[in-house]
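Chains A and B supply the protein sequences, listed in that same order. Take 1 as the starting number for the first sequence in the numbering used here and just add one per residue. Take 175 as the starting number for the second sequence in the numbering used here and just add one per residue.
Hints are not guaranteed to be accurate.
Stated by the list, open to error - In silico lysine-lysine, DSS-like type, Cα no more than 27 Å apart, as pairs:
#, chain 1, residue 1, chain 2, residue 2
1, A, 37, A, 25
2, B, 366, B, 335
3, A, 25, B, 412
4, B, 263, A, 168
5, B, 263, B, 497
6, A, 112, A, 2
7, B, 412, A, 159
8, B, 335, A, 37
9, B, 263, B, 422
10, B, 335, B, 472
11, B, 422, B, 515
12, A, 116, A, 2
13, A, 37, A, 49
14, B, 500, B, 472
15, B, 497, B, 515
16, A, 2, A, 168
17, A, 37, A, 116
18, A, 25, A, 49
19, B, 422, B, 412
20, B, 573, A, 25
21, A, 2, B, 335
22, B, 366, B, 573
23, B, 412, A, 49
24, A, 2, A, 49
25, B, 497, B, 472
26, A, 168, A, 116
27, B, 366, A, 159
28, A, 116, B, 472
29, A, 112, B, 366
30, B, 500, B, 412
Hints are computed from structural coordinates only; laboratory data are not their basis. All values derive from a computational prediction rather than experimental measurement.
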Amino acid sequence: MKDVIEGRVWVLGADVDTDGIISGKYLTIIDPNELKKHVFEIALPEFAKEAREGDIIVADENFACGSSREHAPQAMRAIGVGAVVADSFARIFYRNAINLGIPTIEVRGVRKIFEKGDTARIEMRSGRITNLRTGAFVTFPPLPPHLLDLLEAGGLVEKVRAELLARKAAAGTA
Amino acid sequence: MTSSNGHGMTLAEKILARAGGLDRVVPGQIVDGTVDLAMMHEQGAQTVLPFHQMGAETVWDPDRVVIAIDHWVPASTEGAAVLHRILRKFAAETHLPHFYDVGNHGICHQILAENGWVVPGDLAVGTDSHTNMLGAMGAVAAGIGPTEMAAVLALGRLWLKVPPTLHIRVRGQFGRGVTAKDLILRILGEVKTTGATYKAVEFSGPTIEALSMPERFTICNMTTEMGAKAGMVAPDEKTFDYLRPIAKHAMHPLRPDPDAAYERVIDIDVGEMPPMVACPYSPDNVRPLPDVVREHVKVDQVFLGSCTNARIEDLREGAAMMKGHKVAPGVRFIVSPASTKIYQQCLAEGIIETFTNAGAVFTNSSCSACFGGNMGILAPDEVCASSSNRNFPGRMGAKEARIYLLSPAATVAAAIRGELTDPRDLM
Ligand code: SF4
């Protein structure tokens with residue numbers, strides 16, 4: 001995880017649900033590189049074609065509500081989304097995204113200060129998101145230490161891996 | 175609306191304190207909890223890769239892991255067949271004996287409920303968002319993603335932030351033709367799809383105490399639509415009677431403290447409540463059904479199924495209404511029982527006969543038409559009356575299709591008349 005993240009912004013409205021991110025008919029796809037072709041097909045149809053690595057999603061309230069499908073953040077990670085920021089998130093998406101190592105930040109009022117194509121600058125440790133075109137910014141309380149740890153590790157897989165390795169090492173020396 | 179600021183603990187706090195081995199927890203606290211039960215359905219196939227990437231070799235406790243395939247059963251696409259095979263192979267390699275495979279299958283939440291896999295006091299997790307349903311056992315039951323599930327399988331633990339609790343107290347008696355589904359729809363209309371995000375929802379009061387376990391499953395099921403982490407009812411004699419013959423592990427019944435600190439309290443009286451309906455395109459777009467009936471909403475398809483409302487009680491009630499009627503011309507009526515056991519009960523009780531004689535399709539048990547990826551898919555601009563739980567754009571197929579969420583009785587009434595109908599007109 002970088003301490004400062006910059007990227008081009010895509011904006012989304014309120015209550016974008018997971019069907020709008022990856023629709024039910026793609027749920028048998030496991031390969032993230034296949035999934036990414038369909039990301040936001042309903043909610044933002046031009047995204048999958050035009051998105052660039054490092055782009056930032058800025059959404060209004062209750063982003064990614066609906067099912068628990070991890071396909072949604074997986075597809076975003078595969079396409080290289082740099083961060084997801086929203087006024088608020090549905091809880092399972094929030095957990096899934098953090099567990100996959102995607103910087104995911106909840107901050108009230110953030111949607112209002114951005115338009116499509118703006119550049120956002122996110123300062124993870126001090127808790128500030130700035131629109132580099134207009135200078136407008138919002139602040140947020142930095143993530144709690146255990147979530148920063150998770151992002152730092154690169155996600156839950158890496159974190160558990162380290163824990164299991166440590167256990168094995170301890171068992172080996174015992 | 176009031177709030178109570180006692181010093182006691184809510185039911186969710188008690189359960190998470192137990193899971194974390196702590197005397198006391200407060201909302202916002204991060205708890206590293208011991209998991210009592212982990213459930214996977216097809217999405218669990220995505221758990222296998224991260225499980226191996228973590229370097230894990232064995233599952234922490236195979237007797238606390240249930241696999242229940244349900245979304246595409248039997249496999250209706252090649253992709254689904256591959257997911258099933260991944261799960262079978264994983265179960266064989268890691269010695270997971272509790273696999274509800276084709277022939278012994280059902281919707282995962284119903285499988286957990288009818289086999290006693292979740293009991294009072296449990297922290298249960300599943301790879302499906304409606305895992306909340308099992309909170310009706312007096313447990314914290316929450317949906318998690320497959321990567322998280324991999325960590326649970328490896329370690330038997332999960333990090334959770336203790337949620338604040340929304341307390342919903344319900345009193346009054348249901349009028350004729352009004353059900354637990356109408357109650358939860360009405361609550362959704364009030365609380366909205368974001369009203370309980372990150373929160374636990376605790377139901378109590380005389381009306382809740384009077385509900386059967388299946389009715390409690392229905393209301394806890396749809397706390398997912400409020401964004402809730404968990405929805406629950408404190409265990410009582412009904413819970414114990416239901417679970418005693420089937421419980422798979424020891425119960426640790428916990429109840430909220432009388433002076434529990436709730437973030438918000440909502441009081442509801444169901445006395446005057448009519449049947450309700452959630453209109454497109456959100457489960458919280460709720461109106462009294464009689465108002466919508468006046469607009470003569472014609473339907474193309476009707477679905478009586480899903481983890482919300484396809485238990486034997488729902489299908490019995492539906493069949494009783496169906497008797498002596500036919501499915502309206504031009505309407506496709508799909509009935510899907512929530513488990514193979516319920517399918518067999520329907521067979522024994524003549525329910526399958528009643529529905530198929532009337533012109534309905536009675537399918538094998540699965541998620542069926544609920545999620546638009548298996549069968550009963552809607553074309554653009556079609557209208558569906560459904561006993562399920564979600565009506566977002568694209569939920570059952572085309573994104574322009576319109577879905578109305580109703581009680582089982584109101585669903586059957588729509589199949590008979592070919593338009594949204596107040597079930598009381600047919601009683
Ligand atoms: S019946 Fe519908 S809501 Fe329930 S688990 Fe299946 S797809 Fe999900």
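Results of checking the hints against the structure:
1. 37(A) to 25(A): Given that 27 Å is the threshold and the Cα spacing comes to 13 Å, the pair holds.
2. 366(B) to 335(B): 22 Å, holds
3. 25(A) to 412(B): 39 Å, violated
4. 263(B) to 168(A): Holds, at roughly 26 Å.
5. 263(B) to 497(B): 45 Å, violated
6. 112(A) to 2(A): 25 Å, holds
7. 412(B) to 159(A): Violated, because 42 Å separates the two Cα atoms, which is more than 27 Å.
8. 335(B) to 37(A): Given pair residue 335(B), residue 37(A) is violated - Cα atoms ~34 Å apart, limit 27 Å.
9. 263(B) to 422(B): Distance of about 24 Å is within 27 Å: holds.
10. 335(B) to 472(B): 45 Å, violated
11. 422(B) to 515(B): 18 Å, holds
12. 116(A) to 2(A): 23 Å, holds
13. 37(A) to 49(A): The hint holds at about 8 Å.
14. 500(B) to 472(B): Between residue 500(B) and residue 472(B) the Cα gap is close to 16 Å, so the pair holds against 27 Å.
15. 497(B) to 515(B): 23 Å, holds
16. 2(A) to 168(A): 30 Å, violated
17. 37(A) to 116(A): At roughly 20 Å apart (the allowed maximum being 27 Å), residue 116(A) and residue 37(A) satisfy the hint.
18. 25(A) to 49(A): With a Cα-Cα distance of about 19 Å, the restraint between residue 25(A) and residue 49(A) holds, given a limit of 27 Å.
19. 422(B) to 412(B): 17 Å, holds
20. 573(B) to 25(A): 12 Å, holds
21. 2(A) to 335(B): The hint holds at about 25 Å.
22. 366(B) to 573(B): Satisfied, since the Cα-Cα distance of roughly 22 Å is no more than 27 Å.
23. 412(B) to 49(A): The given pair, whose Cα atoms are some 54 Å apart, is violated under the 27 Å limit.
24. 2(A) to 49(A): Satisfied, since the Cα-Cα distance of roughly 26 Å is no more than 27 Å.
25. 497(B) to 472(B): 22 Å, holds
26. 168(A) to 116(A): Status violated; Cα separation ~49 Å.
27. 366(B) to 159(A): Violated, at about 36 Å.
28. 116(A) to 472(B): 39 Å, violated
29. 112(A) to 366(B): Answer holds: residue 112(A) to residue 366(B) is near 22 Å, not above 27 Å.
30. 500(B) to 412(B): 37 Å, violated
The earlier numbered hints that this structure contradicts are 3, 5, 7, 8, 10, 16, 23, 26, 27, 28 and 30.
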